[in-house]
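Enquirer: Starting from the known structure of chain P, arrange chain D on it as the hints suggest.
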Amino acid sequence: MRRVMVIDMKRCVGCEACVVACKTENRVPDGKYRDWVVQETRGELPLLELFIRSQRCNHCADAPCVANCPTGASFYRGDGTVQIDRDLCTGCRACMASCPYDARYVHPEGFVDKCTLCVHRLDKGKPTACEEVCPTGAILTGDLDDPNSLVTLRLKRGDVSVVNAEAGTKPNVFYVNGAR
Amino acid sequence: MALSRRRFLGLSAGTLAAAVASKLVFTRSAAAGHPTIDPGTDGHAVSSVCEVCFWKCGIEAHAHGDRLIKIRGNPRHPLSNGRLCPRGVGAVGLAYDPDRLVKPMLRVGPRGNDEFKIVEWDEALAFIAGKLDELKRKYGPESVALFNHGAGASWFKHLLSAYGTANFGAPSFAQCRGPRDVAFDLTFGAEPGSPEVLDIANSECLVLIGSHLGENMHNTQVQDFAEAVARGADLIVVDPRFSTAASKARTWMPIRPGTDTALLLAWIHVIVTEQRHNRAYVEKYTTGFEELKKAVATYTPEWASAETGLDAALIRSTARRIAGAAPASLVHPGRHASWYGADDTHRSRAIAILNALLGSWGHRGGFFRPSGMKLAKIPTPPYPKPKPPADRVEGEAPFALEPLAQGLRRATIDGKPYPIKGWFVYGTNLIQALPQREETLKAIQALELLVVVDVLPAEIAGYADVVLPEAAYLERYDDLIPIAWHESGVALRQPVIPPPGDAKPGWWIARELGKRLGLEKYFPWTDAESYLRERCKLSGIDFEALARDGVVLAPHKPTVIEDGLALSFATESGKIELFSEKLRAAGFDPLPVYLRPHAVPAGYFRLLYGRAAAHTFGRTTNNRLLGELAHNDRVWINAKVAKDMGLHDGDVVRLTNQDGIKSAPVQIKATERIRGDCVYMVHGWGHTAKGLRYAKGKGADDSELVSRVNVDPVMGGTGMRMNFVALQREA
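Order-wise, the sequence lines are chains P and D. If you use the working numbering, the first sequence corresponds to residues -7 to 172, in order. If you use the working numbering, the second sequence corresponds to residues 1453 to 2183, in order.
Chain P with its partners taken away, still in its complex shape (with noise of 0.2 angstroms):
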């Protein structure tokens, strides 16, 4: 299985809902956030582009946490998430420092904190929080092995980008929809 999520950028309207719905899903402490919404403008009057993006942790299959974590606290769940194990972490930081797309934020409790992907939620057939609050529906998850699934005949669509792939981490979160 390979979780991975897909984002359309032509749905997308920025609203936030997704950062709030993840916030009380997942008890994120104030001022923190798993989520959040970039928004960039692009050209000059009148011909203008935005580009608008919902970006968590890329969950990526070659992830600098999981190789900087010292106590093995980051890990690879086996279903193409990336997880930190609460018990593990000692707040180092170190994978902090290495994450390139600053996903990752300090739990006042102690531990280093991000996206789950809410697998707690995809294990049970549940959407993510995201996925399911978005009122553009513009968010899906689905497993990028099963060559059926939505998400895979969507990627196979083409028009297809991730995050700063220069940084060459893998992600699993794609955005379509965003060449215009």
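There may be inaccurate statements among the hints.
Covered stretches of chain P (in silico footprint by chain D; criterion: 3 or more residues with CB under 8 angstroms from a CB of chain D, positions within the stretch not fixed) [unchecked claim]:
no., segment
1, -1 to 13
2, 20 to 33
3, 39 to 45
4, 103 to 117
5, 126 to 136
Because the hints were derived from the structure by calculation, they are not lab data. Just so you know, these numbers come straight off a predicted model, no measurement behind them. Ideal Cβ positions, reconstructed from N, Cα and C, are used throughout, including at glycine.
Expert: Relative to chain P, chain D alone:
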């Protein structure tokens, strides 16, 4: 700002093939014994209805015992479809806002000093009842006015109708959707409704005139908008600002602010002169086509181009695209329509007429016609016959559908046609909701009683004689909430958690006041639940099912012509009135005319305002879950203009309007996404109320800069986009 630390990370394409093809090599296996963390936020779910805005989406609120944990969309509710906007999800932050009103309070010291003593309910209610008796004796019951927003106001409307007044002024009419509702009423004999009955999901062409869907997060409408965008519908967005919606459009038309009617008339001109209108529909359902044709003969795209700053060829080609998609071609009626005052009804009429020419009213992809659900009323004695509302003097704004909030304010000041001496303010922060603040403050000082019923101490509460803490919508029952959508039905608001402190639900407050005013017979129920059970019984609705599912739907009836809907129009002629005999008879232009807006004075910018996705007016800005999101407490200014002024993105400025009114310090957002002749703010920031610890002092307040209005002579709407501001850097 927690989000500002996020640096922008560039995207690059081309990794797809590798991504799909590659198989992972795991350095650790899942079998390593790591636990999976479940945050345990499911709890038990209660179905209810949101009230962060007026859309009234169905929700499922998850709680552990008495602790609300999270809120999601109710999948059974046709306005949510299991999804929700950030405000609805973030209402957990309202439930646990540390600034919630939790005790009744009586004013000490001068009115407006925002100083109170905490009292028990009995003392507060006895005080109000005593004052209401006194006002009735001295001035008559019509001397009390209600200003309201939201579903919970129904209990207070009932109470005050029984008391004997009809002075109910919701700013949502004259300060918001009034011109649109009047225009559609005059044209179709029906209003676009709330929620607007727009079949955006099936539109082949969608035109937005200043409607910034996506920033305006009306859940279902945004869901449908995303479907239309994903489907590749032809989207045309007319806005001085490159809105989120504009960024999804095939064509963005960065129009000169206030000239929309000129564009609409030119579109009508092209469609009519090129005979691109829906001829069968126009012949069958409309009257006044020949008069319209004559009236628009001179409104050429070239004429409109000079007014709007838009290219004439583009005006012509967009008109053809709009007509080409008919009848699944929808010119969005908008919602907040009190823009420029003088021609707001005309502009909305032009939109209505354009839709009539396309035949979109009643067709799939246009305006659908919901059947609604009939709900029985619990019998109560008839209300005493009230005096007509005091909001208008003889002959003023003859087409107003509701009392004008600013008219009730005026009557409070000048006592004409009769004195207004008491205000009930329910769920609306009149300080920010009404333009011309000086007038509001003057009226407040002329009162003998000001009661504020609310959940948070916004500015208006600081002026109250009595502040009554209401249970938030998550903590109370309200009256049945009808659903008029593709599927019609009824939804239930019910308590998920208990209210904080001594906060009480509106139904309880109204009933207790009724008892003290000798109006018990108007409240023949013991509590809201027994009221609702009885009303459901009378309406043939299974209350248990409603309480369980949050919604009961009526059998489906056709809502579009394609499904067998027969169109009818509640106008005088029984047809769509392109030419309005009613307007003519009242001395107004029977066909839309364009009035050029006041020019922007040198050194000034036109002040525009709108919404942000995470906020409803000022009522969400103190919410910790929502208040921090995005940088939407900034004032937008064109990047090149800012540069010429020596201003940089993030600089702090003050805005001074044409009357010398100065805003609080506010950061600028220097962006290419707005024309150079206007600035733009999100309405609802810039709070000064000392009781709003998170919102106070954040951003600036657009409404304080609206010291002038242009009143729509047809229906009394207050056009507010004719205020101008200059920017000074804050030292």
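Enquirer: If you test the structure against every hint from before, which numbers come out violated?
Expert: none
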